[in-house]
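Trainee: Protein sequences appear in the order of chains A and B. Read left to right, the first sequence gives residues 1 to 198 (the working numbering). Read left to right, the second sequence gives residues 1 to 198 (the working numbering).
Simulated from the structure, these hints should not be mistaken for lab results. Here the structure is a predicted model, which means the values were calculated and not measured. A portion of the hints provided could be inaccurate.
Since the list gives no way to pick one copy over another, a pair counts as held whenever it fits inside one copy or between any two copies.
In silico SDA-like cross-links for lysine to any residue, where the CA-CA straight-line distance does not exceed 20 Å [stated by the list, open to error]:
no., residue 1, residue 2
1, 53, 41
2, 161, 130
3, 53, 34
4, 53, 42
5, 137, 71
6, 23, 94
Spelled out from the first residue to the last, the chains are:
2 protein chains.
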Amino acid sequence: MPKTGALSQLMQALRCLPGVGPKSAQRMTFHLLQRDRQGARNLAESLLAALEKVGHCALCRTLTEGELCNICTNPDRDKTQLCIVETPAEVYAISQATGFKGLFFVLNGRLSPLDGIGPNELRLDLLEQRLESGDIKEIILATNTTVEGEATAHYIGEMAKQNGVRTTRIAYGVPFGGELEYVDGATLAHAFNGRKEF
Amino acid sequence: MPKTGALSQLMQALRCLPGVGPKSAQRMTFHLLQRDRQGARNLAESLLAALEKVGHCALCRTLTEGELCNICTNPDRDKTQLCIVETPAEVYAISQATGFKGLFFVLNGRLSPLDGIGPNELRLDLLEQRLESGDIKEIILATNTTVEGEATAHYIGEMAKQNGVRTTRIAYGVPFGGELEYVDGATLAHAFNGRKEF
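The task is simple: from the sequences and hints, build the whole structure.
Mentor: Following this line, the structure appears as structure tokens:
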């Protein structure tokens, strides 16, 4: 094997990236060292800068530089609507796909007692404080439609109810542009039962 | 858009990796910062270490730390056989797949006059010196079976002939385990014309 230390170490290190196996890592290593050394240097520096600067927003827990994120500090956002998501990536996804102008709260996980993830790990104490403050009129539950996501939505729904805050859940249904034939049964049943006036 | 400087810079920087588009870069960024900060730090350090230490072997031009690579300095290798490949990745691929015990010469490219890549860019002068030294009895042409790879093989074949060195080309044919129905016509024609006694 012609692997030298720094080369095989880099191949190994690249595998921390999601979706990158040994073959891709090898291809990336050769590409970077053969054809894009500037890109590799830039990547290393960007990683270190992000690690140093990026932390969680003190209010909504999304990833951000500084204490508060761009959304929480934006005076134009509607502070009466709070959308609950599991990850910062979903903040991006919802912002890009919808015209939502309210605020977010990022759980950075979901309730999963077996994995030792309870309300404290999700910082639901911060959410409780905001519910008690009375500013929020609607909680939009946008956790995933998995068993844990559902349980988390239910738990937060109960918290909101105790504080007299209206709670909504994003709609289940057939994906837009999807063919009914290929939709799984549970989704189809939800879509059918949740039908609306046309 | 909730993108902050260091976050979007990292997303952009990750796109220097082959096969990584905007969606993957976003997913990688969140994964690293949310779940694998240690992996991210390790990746940054491995990149910088590889950039600093890894260069080209003075003899065979593959990527290596130090002046000569593991293969060129290995006294057990057969110094009469020299396999010509286009990239360091192919040194790995051939070493892993075959029992080849000879030496390699890495072109780091292929002849492509339109792109300004001629014999000098491929360092064929180094290859010429080795052919003239008389140590090499067989040149194995393992360049790709593209038009440029073929032209490069032909050029090096001529060099070898002038020095009276035997030259072989890796076999064209149907991929092992492949179904004839799905093999392209040119490959099938080569496989048919190159048939052997069974």
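Trainee: Indicate which option fits the pair residue 53, residue 34 if close means a Cα-Cα distance not exceeding 20 Å: within, between, both or neither.
Mentor: The answer is between: 13 Å across copies meets 20 Å, while 30 Å in one copy does not.
Trainee: Since the copies are identical, ignore which copy is meant and state whether residue 53 and residue 41 lie within 20 Å (CA to CA) inside a copy, between copies, both or neither.
Mentor: Both: 18 Å inside a chain and 13 Å across chains, each within 20 Å.
Trainee: Is it within a copy, between copies, both, or neither that the alpha carbon of residue 23 lies no farther than 20 Å from that of residue 94?
Mentor: between (33 Å within a copy, 14 Å between copies)
Trainee: Is it within, between, both or neither when you check residue 137 against residue 71 at 20 Å Cα-Cα?
Mentor: within (18 Å within a copy, 69 Å between copies)
Trainee: At 20 Å max between alpha carbons, let me know whether residue 161 reaches residue 130 within a copy, between copies, both or neither.
Mentor: within (13 Å within a copy, 82 Å between copies)
Trainee: Go through the copies and call it for residue 53 and residue 42: within, between, both or neither, with a Cα cutoff of 20 Å.
Mentor: Both ways: residue 53 and residue 42 sit 16 Å apart in one copy and 17 Å across, limit 20 Å.
The structure fails none of the hints (numbered hints given earlier).
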